Amino acid sequence: MKEKNLKQAKGTFALKAGLARMLKGGVIMDVTNAEQAKIAEDAGAVAVMALERVPSDIRAQGGVARMSDPEMIIGIQKAVTIPVMAKCRIGHFVEAQVLEALEVDYIDESEVLTPADEEFHIDKTRFTTPFVCGARNLGEAVRRLQEGAAMIRTKGEAGSGNIVEAVRHIRAVDKGIAELKEFLRQKQMKKIKDKAAEYRVSPELLIQIAKLGRLPVVNFAAGGIATPADAALCMQLGVDGVFVGSGIFKSGNPRKRAKGIVDAVAHFTDKKKIAEASKGLGDAMAGLEIGTLATKYAERGI
Amino acid sequence: MRWQDWKSARLPPNTRSAEFKTVNKKIQIGVLAFQGDVAEHIEAVKNAAVKLRRNVSVVPVREQRDLTGLNGLIIPGGESTTFYKLCQREGIFGEIKKIKNILGTCAGAIMLSKNAQNKTKDQVTLQLMDVEVARNAYGRQNDSFEADISTTLGAMHAMFIRAPKITRTGKNVRVLAEHEGEIIACEEDSKGKYYLALAFHPELTTTLFHEHFLHKVFANS
Numbered sequence: 001m002k003e004k005n006l007k008q009a010k011g012t013f014a015l016k017a018g019l020a021r022m023l024k025g026g027v028i029m030d031v032t033n034a035e036q037a038k039i040a041e042d043a044g045a046v047a048v049m050a051l052e053r054v055p056s057d058i059r060a061q062g063g064v065a066r067m068s069d070p071e072m073i074i075g076i077q078k079a080v081t082i083p084v085m086a087k088c089r090i091g092h093f094v095e096a097q098v099l100e101a102l103e104v105d106y107i108d109e110s111e112v113l114t115p116a117d118e119e120f121h122i123d124k125t126r127f128t129t130p131f132v133c134g135a136r137n138l139g140e141a142v143r144r145l146q147e148g149a150a151m152i153r154t155k156g157e158a159g160s161g162n163i164v165e166a167v168r169h170i171r172a173v174d175k176g177i178a179e180l181k182e183f184l185r186q187k188q189m190k191k192i193k194d195k196a197a198e199y200r201v202s203p204e205l206l207i208q209i210a211k212l213g214r215l216p217v218v219n220f221a222a223g224g225i226a227t228p229a230d231a232a233l234c235m236q237l238g239v240d241g242v243f244v245g246s247g248i249f250k251s252g253n254p255r256k257r258a259k260g261i262v263d264a265v266a267h268f269t270d271k272k273k274i275a276e277a278s279k280g281l282g283d284a285m286a287g288l289e290i291g292t293l294a295t296k297y298a299e300r301g302i
Numbered sequence: 001m002r003w004q005d006w007k008s009a010r011l012p013p014n015t016r017s018a019e020f021k022t023v024n025k026k027i028q029i030g031v032l033a034f035q036g037d038v039a040e041h042i043e044a045v046k047n048a049a050v051k052l053r054r055n056v057s058v059v060p061v062r063e064q065r066d067l068t069g070l071n072g073l074i075i076p077g078g079e080s081t082t083f084y085k086l087c088q089r090e091g092i093f094g095e096i097k098k099i100k101n102i103l104g105t106c107a108g109a110i111m112l113s114k115n116a117q118n119k120t121k122d123q124v125t126l127q128l129m130d131v132e133v134a135r136n137a138y139g140r141q142n143d144s145f146e147a148d149i150s151t152t153l154g155a156m157h158a159m160f161i162r163a164p165k166i167t168r169t170g171k172n173v174r175v176l177a178e179h180e181g182e183i184i185a186c187e188e189d190s191k192g193k194y195y196l197a198l199a200f201h202p203e204l205t206t207t208l209f210h211e212h213f214l215h216k217v218f219a220n221s
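As given, the protein sequences belong to chains F and R, one line each in that order. Heads up: the first sequence begins at 1 in our numbering, then just goes up one per residue. Heads up: the second sequence begins at 1 in our numbering, then just goes up one per residue.
No false leads were slipped in.
Below, a list of computed lysine-lysine pairs in the PhoX-like style, where the Cα atoms sit at most 20 Å apart:
id	chain 1	residue 1	chain 2	residue 2
1	F	K78	R	K121
2	R	K165	F	K10
3	R	K121	F	K38
4	R	K51	R	K25
These aren't lab readings, by the way, just hints derived from the structure by calculation. Quick caveat: nothing in here was measured; it's all calculated off a predicted structure.
Isolated chain F, as found in the complex:
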């Protein structure tokens, strides 16, 4: 991940992380066809995530979930002008190569799809296209950074319509960072080194995080966001933006809900605006108790 100071360069880490910076304060929506992508763009989404089935359908239908059909991704790229992201399976670097060939703007190496490798994630430094990865805690987040991810999101629990896991993961990352900051303040370098060994990353990365007081890349919330208030909750907890998966197109009125979530994120500290954005959205997606889930996607790819 070392950058050379070239006169002109593509695919550098600064460019990968740079695109994520431009998405901050925005909503990225899961879409399964061109029509949904248009609805997302009209609502004010900053990007769309092209996938064949939204997580709640994957959960209901079961089976192996894979990368989407390239034709469907191309259809969505043609339909909208905002960035198009797509998911590949954890460790499936050939699916990632295919997505890079399709020129998607970001690749999500996602636990929502069935993992292809139970030991290794993709070496993301080998790609020009940037990657976003899910994390439940600081350890997972920094391992993904070490592998070359340019953006992090909480795993939450995709397709559950239940915000509790995303909140847990935001707080866990924060707690990990607070611990590092305290080590740095007390100049306990030994403890930082021990943490680095525990997380299996370089101490320099942890020192940088301790100094910044946050992850060194953009950090979004994902997994279980179903309402404008859910989205604003994550924003007030300190994330840079939100992914909404099943929450929009599994609800009664996707167009209105999509717009409501965008408004709530743009005005996340303004309770009156959040109230306005929450009005008359129809039915939210049916939510699931985490305890009743047969498969917890968040436990994949640690």
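Assemble chain R onto chain F, guided by the hints.
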């Protein structure tokens, strides 16, 4: 002596006291804050103000009341479609047009332009600056690049992220930088309005353009 005689002497204004005023003058810059790299711009304005030793306050702008009392506005990088939607919903398009000094980077340059190509069907720009801009004209993210560029303000490093191209400039528009035959920075200073449009993201690498913008805002305020 009649009062007309005093007037005819045409003494120049008291520059010393005017100068004294400008040094202490405080300006307020807003950054459109619905979405995008807002924090980076706020940081760049603060750093530029320190370098210039000028009194500048900088505030995020999300609604009508945030726009009152602004001397200048920055429209950051982000998604121009999203900016447009949220400005419309907030009903602040007209108010933004009244602001005298505006800096737009990337998506912000699209917002400033008189006309933009490859925008969505219902998307409208502010139509303030006599330039035409093509959205995402370099291609998708894989074609994003960083490069050393030379500008009339000096050499710098610049990030082009899904960048637009400035395809036409009007007669009052001055080009500040080109890269490989494309105009990447330009300004329009006419009729008491000042607009600065950049295809790249100076906020990620330098304060040169922010210093330049602040100079103009001070001169215009």
